[in-house]
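There are 2 protein chains.
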Amino acid sequence: MSIDAVRALAFDVFGTVVDWRGSIIAEGERLNRTRGLTVDWASFADAWRGRYAPSMARVRRGDLPWTNLDGLHRLALDELLPTFGVSGLDEAEVDRLHRVWHRLRPWPDSVAGLTRLRERFILGTLSNGNVALLVNMAKGARLPWDVILSAELVRAYKPDPVVYRSAADLLGLRPNQVMLVAAHQQDLRAAGAVGLRTAFVARPMEFGPDNPPDLTPDPAFDLVAADFLDLAQQLAC
Amino acid sequence: MSIDAVRALAFDVFGTVVDWRGSIIAEGERLNRTRGLTVDWASFADAWRGRYAPSMARVRRGDLPWTNLDGLHRLALDELLPTFGVSGLDEAEVDRLHRVWHRLRPWPDSVAGLTRLRERFILGTLSNGNVALLVNMAKGARLPWDVILSAELVRAYKPDPVVYRSAADLLGLRPNQVMLVAAHQQDLRAAGAVGLRTAFVARPMEFGPDNPPDLTPDPAFDLVAADFLDLAQQLAC
Numbered sequence: 001m002s003i004d005a006v007r008a009l010a011f012d013v014f015g016t017v018v019d020w021r022g023s024i025i026a027e028g029e030r031l032n033r034t035r036g037l038t039v040d041w042a043s044f045a046d047a048w049r050g051r052y053a054p055s056m057a058r059v060r061r062g063d064l065p066w067t068n069l070d071g072l073h074r075l076a077l078d079e080l081l082p083t084f085g086v087s088g089l090d091e092a093e094v095d096r097l098h099r100v101w102h103r104l105r106p107w108p109d110s111v112a113g114l115t116r117l118r119e120r121f122i123l124g125t126l127s128n129g130n131v132a133l134l135v136n137m138a139k140g141a142r143l144p145w146d147v148i149l150s151a152e153l154v155r156a157y158k159p160d161p162v163v164y165r166s167a168a169d170l171l172g173l174r175p176n177q178v179m180l181v182a183a184h185q186q187d188l189r190a191a192g193a194v195g196l197r198t199a200f201v202a203r204p205m206e207f208g209p210d211n212p213p214d215l216t217p218d219p220a221f222d223l224v225a226a227d228f229l230d231l232a233q234q235l236a237c
Numbered sequence: 001m002s003i004d005a006v007r008a009l010a011f012d013v014f015g016t017v018v019d020w021r022g023s024i025i026a027e028g029e030r031l032n033r034t035r036g037l038t039v040d041w042a043s044f045a046d047a048w049r050g051r052y053a054p055s056m057a058r059v060r061r062g063d064l065p066w067t068n069l070d071g072l073h074r075l076a077l078d079e080l081l082p083t084f085g086v087s088g089l090d091e092a093e094v095d096r097l098h099r100v101w102h103r104l105r106p107w108p109d110s111v112a113g114l115t116r117l118r119e120r121f122i123l124g125t126l127s128n129g130n131v132a133l134l135v136n137m138a139k140g141a142r143l144p145w146d147v148i149l150s151a152e153l154v155r156a157y158k159p160d161p162v163v164y165r166s167a168a169d170l171l172g173l174r175p176n177q178v179m180l181v182a183a184h185q186q187d188l189r190a191a192g193a194v195g196l197r198t199a200f201v202a203r204p205m206e207f208g209p210d211n212p213p214d215l216t217p218d219p220a221f222d223l224v225a226a227d228f229l230d231l232a233q234q235l236a237c
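Listed in order, the protein sequences are those of chains B and X.
One point on numbering: in the working numbering, the residue at position 97 of the first sequence is 97, and numbering is uninterrupted.
One point on numbering: in the working numbering, the residue at position 113 of the second sequence is 113, and numbering is uninterrupted.
It is possible that part of the hints are untrue.
A pair counts as met if it fits within one copy or between any two copies, since identical chains are not told apart.
List of simulated lysine to aspartate or glutamate pairs, DMTMM-like, C-alpha gap at most 25 Å [said to hold, decoys possible]:
id : residue 1 : residue 2
1  : 139       : 160
2  : 139       : 4
3  : 139       : 109
4  : 139       : 93
5  : 139       : 63
6  : 139       : 210
7  : 139       : 119
Hint data in this document are derived by calculation from the structure and do not stem from the laboratory.
Start from the sequences and build out the full structure, keeping to the hints where you can.
In structure tokens form, the structure reads like this:
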């Protein structure tokens, strides 16, 4: 089987490992209560995440100098707060809200699945999130990574091929010894194009109950799993 | 106290966390038995490690293009094998010996001390070892790092200040929020020069029983500890 050579699993993080939308809504609603706000945090989370692809595209095109994801999240937040009618937060409160991305909560199967997978494989992030964000998130959610790999280390964002190649290079492995695990088909296709193995994990609730993603997997993917426990099962962990 | 701000501990690895000399001697002596060799592996280990500083200096001066530590270890090994009269090893055997650096064993207090320290601090490597080497070592020895930071990520070797600065930058911290833990005074002085906090840990046996290092710590260091358990105690872990 083509996946027998796999030594390391590299995980997309936002949406694949952690529930960014649900986490932002939960923290935002607490802020509504403590600060007397009436923000629709589901819309806020969607708008915040909606700035993600365009802001990375600006970096890729060179319209913005290299800016890590914390920086892009802050630029977007500073635009969105007035749009959503939020005023009166002091800098410490804005900073705390900004860092909600460091405190995202895992999907219910994530920690248990990763813990099983770690017995057999090297587990790494391979995320557009910056290193500090990923380290703080792992610390808070007890995600058992062996290594934090990030777009920040090569100053390029996925789906730039250099990011996927960096995972194999830094781990001293051939591309076919590394498998990307992701809930996003574009991410997996870009990884496959440089020779990584690919595992698609369905995360039907990533964008909320009203926006189910396309869960029909590209037949080119090496594995398709319902969640991380199913992935562990399929990989004999 | 000046160390109250510390959020992350960054560890030198070779000699500080793991016993490179004892590990190489133990594996080498097994090779003597299985291959009928008569190599003096203590001398071999010292000679191999002796190539470390000069080979990194060649990279720093630009006499060698960027080469990670695995690469430098292999160049040195290929020179040392004939010097020590070793012949007849096939490529798989030489490769296995080369990768002994990925299998170094921790000092007796390392895992227990790190496990306590990890409850309160972000724990990272900050080593001239390359990422693959450090990941494989951690996996084998169950070293509980939160993040693997390496000279390889900035393509410069300690004591280049860029390496120490990269630890703070990648963790999103100020230099005085990061403490370097090391058994080597030059390493600590270079870290202190860019604003990191410094903890000296004595490793009297690093170079063997006949070559005790200078254990009189520079008074500029923030902490001096007998081992990692003592360090955990001093840091209230």
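When no copy is named, should residue 139 and residue 63 be tagged within, between, both, or neither for a Cα gap of at most 25 Å? Cα proximity of residue 139 and residue 63: none, with 34 Å in one copy and 41 Å across.
Evaluate residue 139 and residue 119 at a C-alpha cut-off of 25 Å and name the case that applies: within, between, both or neither. both (19 Å within a copy, 9 Å between copies)
Please sort residue 139 with residue 93 into within, between, both or neither, judging by C-alpha distance up to 25 Å. within (22 Å within a copy, 39 Å between copies)
For the identical chains here, do residue 139 and residue 109 meet the 25 Å Cα criterion within one copy, between copies, both, or neither? both (17 Å within a copy, 23 Å between copies)
Can you give me the call for residue 139 and residue 4, within, between, both or neither, at a CA distance of at most 25 Å? between (31 Å within a copy, 20 Å between copies)
Residue 139 and residue 210: within-copy, between-copy, both or neither at 25 Å Cα: Cα proximity of residue 139 and residue 210: none, with 31 Å in one copy and 42 Å across.
Is it within, between, both, or neither for residue 139 and residue 160, if the alpha carbons may be no more than 25 Å apart? neither (28 Å within a copy, 29 Å between copies)
Consistency note: the structure conflicts with the earlier hints numbered 1, 5, 6.
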